[in-house]
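**Student:** Using the hints, position chains F and A against chain E.
One-letter residues, chain by chain:
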Amino acid sequence: MNDALIELRGLSKNYEDQQVLKGIDLTIHRNEFLTLLGPSGCGKTTTLRIIAGFEEPSGGEVLFDGIDISKIPSHKREVNTVFQKYALFPFLNVYDNVAFGLKLKKMDETMIDHKVKHMLSLIGLSDYAKRDVTSLSGGQQQRVAIARALVNEPKVLLLDEPLGALDAKLRKGMQIELKKIQREVGITFIFVTHDQEEALSMSDTVVVMNEGIIQQVGTPEDIYNEPENRFVASFIGESNIIEAVMKQDLLVSFDGYDFPCVDKGFKTNEDVEVVIRPEDIDIVKPEDAKLKGVVKSIIFKGVHHEIVVEAEHRNYLIHTTDYFEPGLVVGLSFGPDDIHVMYRMDWE
Amino acid sequence: MKHYNKLVRPYLIWSVLIILVPIIMIVLYSVTTGGNALVNISFTLKNFTKIGEPIYLEVLKKSLVLGFVSVSICLVLGYILAYFITKFKDSVQDLLILLVTIPMWINTLLRTYAWISLLSDNGLINSFLGLFGMDAKTFMYTDFAVVIGLVSDILPFMVIPIHTSIRKIDRSLIEAAQDLGADKVQTFMKVTLKMSIPGVINGVMMTFLLSISTFVIPKLLGGGQYMLIGNLIENQFISVGNWNFGSAISIILTAIILIGLTLMKKFDRDDREEELERAKNK
Amino acid sequence: MQRTNKRSKVLYILYIAVLFVFFYLPIVVTMVFSFNSSKSLTHMTGFSFRWYERLINDGSIMKAVYVSLTVALFATVISTILGTITAIGLSKNKKIVKDVIMNINNITIMSPDIVTAIGLMILFSSIMMAKGYMTMLLAHIAFCTPYVVTAVYPKVRQLDPAIADAAMDLGATPFQALIKVIIPMLKDGIYAGILLAFTMSFDDFVISYFVTGNGVENISIIVYNMTKRTNPTINALSTIVILTIAILIVISKLVPSVLRKHMKKLLAVAGVLLVGLAIFAGTRSGGRTLRIYNAGEYIDPELIEEFEAEYDCKVVYETFDSNESMYTKIKSGAEYDILIPSDYMIERLIKEEFLQPVNWNNIPNAKGLNKEIMGMPYDPDNTYSVPYFVGTVGILYDTTIVDEKDLSEGWELLRDEKYKGQVYMYDSERDSFMIALKANGYSMNTEDYGEIEEAYRWLIEQRDSMDVVYAGDDVIDNMISGNKALAVVYSGDGAYIMVENENMDYFEPEQGTNEWCDAMVMTKDCRDEELAEAFMNYMLDPEVAERNSVFVGYTSPVSCVADTLAATEFEGISAYVPNFGAPKNEAFGYQEMKLKQHFADLWTKVKAY
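Protein chains in written order, with the working numbering: chain E, 1 to 348; chain F, 349 to 630; chain A, 631 to 1239.
Calculated directly from the structure, the hints in this document are not laboratory data.
Computed from a prediction, not measured in an experiment: that's the story for all the values here.
There may be inaccurate statements among the hints.
[What the hints assert, rightly or not] Listed next, the in silico EDC-like pairs over lysine to aspartate or glutamate satisfying Cα-Cα at most 20 angstroms (straight line):
hint, chain 1, residue 1, chain 2, residue 2
1, E, LYS292, E, GLU243
2, E, LYS285, E, ASP271
3, E, LYS85, A, GLU1083
4, A, LYS817, E, ASP132
5, A, LYS728, E, GLU16
6, A, LYS1226, F, GLU401
7, A, LYS1050, F, ASP491
8, F, LYS354, A, ASP729
9, A, LYS722, E, GLU56
This is chain E alone, in the form it adopts within the complex:
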């Protein structure tokens, strides 16, 4: 996992007077399933398009195996893309769509035939070779798009929100299938999505982006459990984000109480922010906890209840399997592990 395949260095991109990428530094490894995650307009698709060669960066470089490729046109890159709406060629059938790239390479006919058939069987569409692509369902078109890209044996497959157009159930299936395909072909996948759940469930590495800046790079667990700032914390899952002061190492103060925690290395009395995930808060008897509040609402969510407790300084969001009557006075308890301290960011 340690050998770098693609390195982005100080990548920036301007459209007229608007800066959409503000210096991206990122290393992508071989065989990695990397996801660019962020809200729309964060620059994730632009980053992908620069790697694909559809856009030229305004500044910085793209190293591919150590060589700068930012000036090389897309058709000469060992990278293939699966597009958001698939961009299949409607005037060609399934077979010819998949064979398109190989035919351009002037590959031997029998070789093409062999590869295309192999790829169609990989995606389970062997019987559909002569079908018109427009007659296929969304999921099938998706597979053809993946096959069309993979048959060229790229070193990197770029996927631009490929599951966006599918319905919820099909999406889940495709997530699993994509991961499976990635393991089978053993190449790097760079996946762009705004769906955090999709990102967490499929990726080796997640890159969270916002406003043209990388917010955090890490494994899905890191990102979820150790968000580096308020943006990451709020974008990934639900959380209680609380302004706090770091009294000293291992001690943080908020809502009028000091709490022991596991974080250190902050300055004394530094302003910080604290994240506590809703499922990490336990509801206990009022006398067993420092923080107390009144149950304001409770909504059944299937596996758990979503409870809002109104405390003195703020409302806390809690996920629990137990049921509590609204109006009940309760205590809120969490251990040092459950408190995650972050640097405070200035949001303008």
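**Tutor:** Just chains F and A now, kept in the frame of chain E:
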């Protein structure tokens, strides 16, 4: 797609040379005297004031009246035809529309000649009338002949856009209107007619454009005395040789057309905006 | 409900049928009369293919078909390519570029043909570009391309921009992506563009008419210049054109899949045809050429062929519909070796130094020319002009309607209310004013504005009281058919009509009339004086002159020919023997620009009411 931005350049250069330059030259000719020789050129507005003479105003008026009459006839005949065609099933509609289109592809001159042999004093129509013991009538060199020739030439341009817009109307709209208690006439007035306005506008624009600038049809069917703007321009360039005046008339003709088209487009837009407004208020 | 439905269906069908009759009647009539065994366009006398034979044997028509086809093909190919790449490039351009191009497009589509035509004509003349095939082709590309852009652009806008990216991502160069992906995706728009461009180009008359020259004519122009003597040859041509277009449309509309599948093959065939035609046309030229510009239907075409054979040369023969349009062509830079205009126009051409003197030594047949018609005022010593046909202007009348006694009224016969609605005037400013001036007893070359004003009144009064029709050359057909009782005609046309309709007779009023002479002149641009003079000499050869005179019906300037024919072919045809030298007769003189303009304005006022 940005790779293809440069593809417009050949046409940009081409159109400047062969479309814009001629227009500029027409304008130049219209405000100068000195005939075709560019040696003793001098600026003047005389060419335009000359159009103000009663006789040329008469020509303008006649062209406009003829244009108005032919467009109106086309609108009535064409709308009904387009509407009736939509009453048939799709495959028949396609065939009928194809049949409306075919004459459009056949040379206007050839069809106009055919009208001459039909309309002339002892032509086919008069022979036909003779079978019923009716006296021969003079059709040639009358307004009637010119209008007939013109209408048969431009009617398809009216039928096709109207048919397209009526055909596009969602069946459920008509059903909804009927469901809400509109009878056939009300449904037609409130839904079909309303929804087909863009097609009507297109058709009126095309036929107006063609009828106002024609010169071959009036010349052949109306005789030498049938002087319209188009004939006047042809006359100035080909017979009289006064290119300056001819250019000035051309500019007036273009201006009339531009004004006409702008008015119609505006009417179209107002109508749509009105509709939008109403939709919002609901 | 069921019954009303059925009833309304019948109404629909009836209405549609009536309008379709209206659409197709002219087309059917055209086709039917192409098989007529006689010349008439109104009475079917029998079935024959003679007009098709004549069509195939008529070199100028076949050449026009060739011009129409190749110009349409080249213009279609070029404008389709240009329009398609423009439409593709347009979609991703800045708004300003887009607006500029779309507006230019709209200008071309929305401006009337005639304005586009004169714009291009002015352009080509001012850059001194020789008018002909090239100018016609450029003009056709100019007006076809905007239609292609309009047909293709909506399809480009519907295109998913990722499609091009996808192709390049899969290894296509931008050019390959264009050819292999984008263009196939736009094919519906492109087909529509091709169809539009081809038919627009193939059918065009107005623009071609203004921008062409040097003998290059397409079908429409030939048809337009044929008005003089309409005959079913046009119908035969129309029938072929109509059938071809109908078949093309039916194929392209009803069997699109077939067309698409075989598009490549079809294109290949079209390409081969094009090259073949080009080679065919190329092989026909070569050697000496003579470029002649004559009035429509004013020569026996066989004579040209025989001349070509005899002198081993190629004759580029082009026709005009009036002296004035010929003048405009010459003035705007068209080049010919020989022109055959009328007297007053020759005088103008001499004054404006378009002509060069003829070497009479090279025209031995000139000895046979009628002395009476030599040395007329327009060219007193015949330095420049060799007479071709001569005649007068007179009144043709239907002997079954017009009372012989009324002929003594002279030109006033044309204002005799007994014959209201029965008069064709000739749509020519000079001839009409000549009549009015002569009727008032003035010289037809007067420069006195008072006299001209009186003549103008005469014409206005005539117009208002008589319901006259100002006919062009169609008067010939109309009088052959006996549509009206009186017509002002040239003596030659009168002779032609009288041969076809024995009820007609011709007379020249004693108030005097126009004695005219159409003559061959050599331009300063002439490239082969020797050949030009050989042609002039050839036309004066008694045998040639006789055949030509018989074919056209005009009086030959060669005395012995005129005398012989008056006694044989044209026996009893008074119009063939015009009364030259009558005391009050005159020939037209040159008019200064100002006077000419004055007449033109007055004439416009007479006609436009």
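**Student:** Compare the structure with each hint and give your call.
**Tutor:** The hints, checked one at a time:
Restraint check: the Cα-Cα separation between E/LYS292 and E/GLU243 comes to about 18 angstroms, which is no more than 20 angstroms; the hinted pair holds. Distance hint between E/LYS285 and E/ASP271 is unfulfilled; the C-alpha atoms sit about 30 angstroms from each other, more than 20 angstroms. Taking the CA atoms of E/LYS85 and A/GLU1083, the gap is near 79 angstroms; set against the 20 angstroms cutoff, the hint is violated. Distance restraint check for A/LYS817 and E/ASP132: the Cα-Cα separation of roughly 17 angstroms lies within the 20 angstroms cut-off, and the hinted pair is therefore satisfied.
For the proposed pair A/LYS728 and E/GLU16, the alpha carbon gap of about 18 angstroms is at most 20 angstroms, so the pair holds. Note on A/LYS1226 and F/GLU401: the hinted pairing holds, with a Cα-Cα distance of about 18 angstroms set against a maximum of 20 angstroms. For the hint pairing A/LYS1050 with F/ASP491, the CA-to-CA distance comes to about 18 angstroms; that is within 20 angstroms, so the pair holds. This hinted pair checks out: F/LYS354 and A/ASP729 have alpha carbons roughly 16 angstroms apart, not beyond 20 angstroms.
Of the supplied pair hints, the one linking A/LYS722 and E/GLU56 holds, its CA atoms being roughly 16 angstroms apart against a limit of 20 angstroms.
This entry does not satisfy hints 2, 3, going by the numbered hints stated previously.
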